[in-house]
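Heads up: the sequence lines are chains F and U, in that order.
With the first letter of the first sequence counted as 1, position 9 gets the number 9 in our numbering; the numbers rise by one all the way through.
So our numbering is basically just the index in the second sequence, starting at one, shifted up by 1000.
Among the hints, a few may not be true.
[To be verified] Under 10 Å between C-beta atoms, here's a sample of chain F residues computed to sit facing chain U:
hint, residue
1, Lys143
2, Tyr144
3, Glu231
4, Ile304
5, Arg308
6, Arg313
None of these hints come from the bench; they were simulated from the model.
Note that this is a predicted model, so its numbers are computed, not measured.
Idealized CB from N, CA, C, for every residue including glycine.
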Amino acid sequence: MIELLALNPSWWQETFLIKVPIGLLAVLLPAGTIVYLYLFKAISFMQSRLGPMEAGPYGSLQLLAEVGKWLQKEDIFPSKADKFVFAAAPFVVLMSTFLLVVVLPAGPDALFVDLDAGIYLAMAVSSVSVIGILMAGWSSANKYSLLGGIRAAGQLIAYELPLILAVVGVVIQAGTMNMQGIVLAQAEGEIFGWGGIGNPFILTQFIGFVIFMIAVQAELTQAPFDMPVAESELVTGYLTEYSGIRFLLFFIGEFASAGVFSAIAAVLFFGGWYIPGIDAGSQVFNVIGPLVLATKTMIIAFLIFWFRFTFPRFREDQLQRLAWKFLIPLSLVNIALTGVLKVAL
Amino acid sequence: MSITTENEQLAYIASQAADARVNVEVETDEGMTLNLGPQHPATHGTLRIIAKLDGEKVVAAEPIMGYMHRGYEKLTEVRTYPQVTTLINRIDWLGSFANEVPFILAAEQLMEVEAPPRAQWIRTILFELSRIANVCLFLGDMAVQVGATTPVFYAFRDREFVLNQIERVTGGRFHPNFDRIGGLKDDLPKGWIEETRGALDRMKSFCDEMEELVLGNEIFQARTRNIGVIPGDVALSYGLSGANLRASGVDWDIRRDANVGLVYDQVDWKVWTHPDGDSFARFWVRLQETREACNIIEQLLGSIPSGPIMAKVPRIIKVPEGEAYVATENPLGEMGYYVVSKGDLTPFRVKIRSASFSNMSITPWILKDVFVPDIISILASLYFILGDIDR
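Make a model of the complete structure from these sequences and hints.
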């Protein structure tokens, strides 16, 4: 790898030998960590049980066993399913997750694409997964899937808005839509004249952070917003008819997007790869930046899964009411406040 | 399609059957029919509910029972009286001992024997312990049905302490088969009373935990308050019993008002009612009843009289001719056995009035103009055991 870098590699080497494996790693590693640490272990400890213990030390290889199991299973298509749409749906869901990673900065130079409208792209592609879920729900030819898909569509569209409006506050404060710029704005910013730790936007955009996390919880269809898969009502909603590798793809998509959304939250509100005490321009961050970002990501992901294991689920109408009557007005107020303070200070 | 020959008719039926297998059917004016069950995660057993939907709204719903019918009423006719308890243990499998008691009491009534006081005391204690073991699981299960995954694990964890106590006396965790005509099979083992107090403390802290984790949760309240409201008069006319009836504000408890054979009159306790009649009220009443059961057992543990545990009964039990109906306040509601004897070794006829069967009869009335998620939460709050519905 290092020789390749030194030789100034051509575009295909750079893309297919470096960026694609790193991109895969950036999506799958957090997803696997989340599944093991939180879905297998943290939930087990909360529920006073041990979780997987047999495969590898403390069950750490359980995930590999599960993946092996899914890969071996038959890829079943329901007889009345719309075969092409049914087969394509998991890829659409997974694609949006991979596209999200593209704009994430993990260090001053450690990023895939430095887009001026990075967060704009992230918000745009995050809504692509709705289409995949709707495709899965409709094409399965199953009533539970249909209800789950329709619920997912209504829910994800309703929570796109507070998600974007919560980000607008950050964008106003940072003065840029570039993800790298948002990190630097937090590193070099100051809170009402005090710049000791920079300005992690969680401190000045706390309302925005809370709205963002609630909306992310709904975007990821995690409890208390898990009606699209509500296992006690709809069996597993839009996933009901999926098995084998296609179920695995949905599964990866769910946890990878939990990781990616946590990383976006870390970039927007926790200063991304930056930690106070080291100059933000320092090359050190190209090495420790990914680790810092991963740590912050895991902390935020724990929040997501903590809520998931604790709360009962809303009903569909209550969820819409929460979005339209509470979160959206609140985020508008937040934007107005941010704008006023930005101009005044 | 015009049907003329028998073959065409068969082909038509076959094509219709194929269509019936397709799940997405667009029925424009009548809405969609959703078939919940017989295999469905929420029915924990084999209950089937056919719901006509308009969007997510339920227009009409009909429960279909009988997938787990095991013919216990008929089977009792070829079992001797002591053998019958083995069968009826399996009616409400979560509170098994409570199933035996009313049948044994009915048989005792026919034989005109009465269990000695110590047996009555221990019967009441075990009866209340099986109530705790049963309702404990409801408290966790209700949370699962509205979407919280964790509380049910706490329920299973703490129920174990109660089951251990039942097992130490009876030898069976789920199916004790311990009650005998005229008394009990065995006396209490050594040190059991102190250990039971420990298990009850555990149970009380579990109730507190559930109150904080589930009952106090805003989302749980939003999901259950004013959902599935049953007014008192409707509850009475549908023959509801147990906590479902008391949650509708009807102050009726067989333990207090029509007690037979058990020693509830020796204890200072309270019947809990709730005026609302919604799912939340049903959960609340059951939570309070679990606490009250701990209270009852604690009082009884302190006052167990000494003496024999079996009355004098013949070795071969022949029940004299006659009829008897005895009902008790079981964990799920009123459970009664109508026993007809012709003076044989076996009952001539046994009719089982099980609580869940009557409680289920209200579902077509109550599952109207609710949302699909409410079907699940209302059914969970009505609390049925499939074995108790189908027998």
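Hints violated by the structure (numbers, ascending):
Hint 4 alone not satisfied by this model.
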